[in-house]
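K.L.:
Sequence:
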Amino acid sequence: MQTQIRRVAKTFSEFTAHMEEAETRISRLEDDVGSQKMTREAMEEQLEDTQGKLTDLEDRLRCNNLRVLGISEGAEGSDPHGFMVALFKEAFPDLHQWDWDREIQRAHQFPFNRAGLS
Numbered sequence: 001m002q003t004q005i006r007r008v009a010k011t012f013s014e015f016t017a018h019m020e021e022a023e024t025r026i027s028r029l030e031d032d033v034g035s036q037k038m039t040r041e042a043m044e045e046q047l048e049d050t051q052g053k054l055t056d057l058e059d060r061l062r063c064n065n066l067r068v069l070g071i072s073e074g075a076e077g078s079d080p081h082g083f084m085v086a087l088f089k090e091a092f093p094d095l096h097q098w099d100w101d102r103e104i105q106r107a108h109q110f111p112f113n114r115a116g117l118s
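Quick note on numbering: the numbering used here labels position 63 of the sequence shown as 63, and the sequence is numbered without any gaps.
Please keep in mind that the hints were generated in silico from the structure rather than gathered at the bench. Fair warning: there could be bad hints in the mix.
[Stated by the list, open to error] Here are the simulated distance ranges between beta carbons:
{"id": "1", "residue 1": "44", "residue 2": "23", "range": "44 to 54 angstroms"}
{"id": "2", "residue 1": "31", "residue 2": "57", "range": "51 to 61 angstroms"}
{"id": "3", "residue 1": "1", "residue 2": "40", "range": "36 to 46 angstroms"}
{"id": "4", "residue 1": "79", "residue 2": "54", "range": "45 to 55 angstroms"}
[To be verified] Cut-off 20 angstroms, straight-line C-alpha distance, at most; resulting in silico cross-link-like pairs (EDC-like, lysine to aspartate or glutamate):
{"id": "5", "residue 1": "37", "residue 2": "21"}
{"id": "6", "residue 1": "10", "residue 2": "21"}
{"id": "7", "residue 1": "89", "residue 2": "99"}
Virtual Cβ for every residue (Gly too), placed ideally from N, Cα, C.
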């Protein structure tokens, strides 16, 4: 009977050791999965940010920008956009159907040096 009890105790002890080892391995795997999830989320966020930047760059490259020279400094007043809309409407009266407000997305003055465009 003692022998059987010792065998059961030994088996139980081995089982307990295996369970502890399994719990340790599971815990490590859970930690790894959590770490990988955080890394994946950070990478997805970075990818989304990079895709936004790429889209912005592509849009800017496809953009048809115009530089209008010969307008005296300060002629636009406080509304460069409105000034450019009025200028184009006056310069191109045959294009009355053109929606200049929609087409002119942004207007601003940039420095001009005497040697050429800066």
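K.L.:
Run every hint past the structure and note whether it holds.
P.N.:
Results of checking the hints against the structure:
Checked against the given bound of 44 to 54 angstroms, the beta carbons of residue 44 and residue 23, roughly 31 angstroms apart, lie outside it. For residue 31 and residue 57, the Cβ-Cβ distance of about 39 angstroms falls outside the hinted range of 51 to 61 angstroms, so the restraint is violated. Taking the beta carbon of each, residue 1 and residue 40 are about 57 angstroms apart, not inside 36 to 46 angstroms as hinted. For residue 79 paired with residue 54, a C-beta distance near 33 angstroms fails the hint of 45 to 55 angstroms.
At roughly 24 angstroms between alpha-carbon atoms, residue 37 and residue 21 are farther apart than 20 angstroms, so this suggested pair is violated. Pair hint residue 10 plus residue 21 holds up; C-alpha atoms about 16 angstroms apart against a cutoff of 20 angstroms. Proximity of residue 89 to residue 99 is assessed by CA-CA distance (about 10 angstroms); at most 20 angstroms being required, the pair is judged to hold.
The structure shown violates the earlier hints numbered 1, 2, 3, 4, 5.
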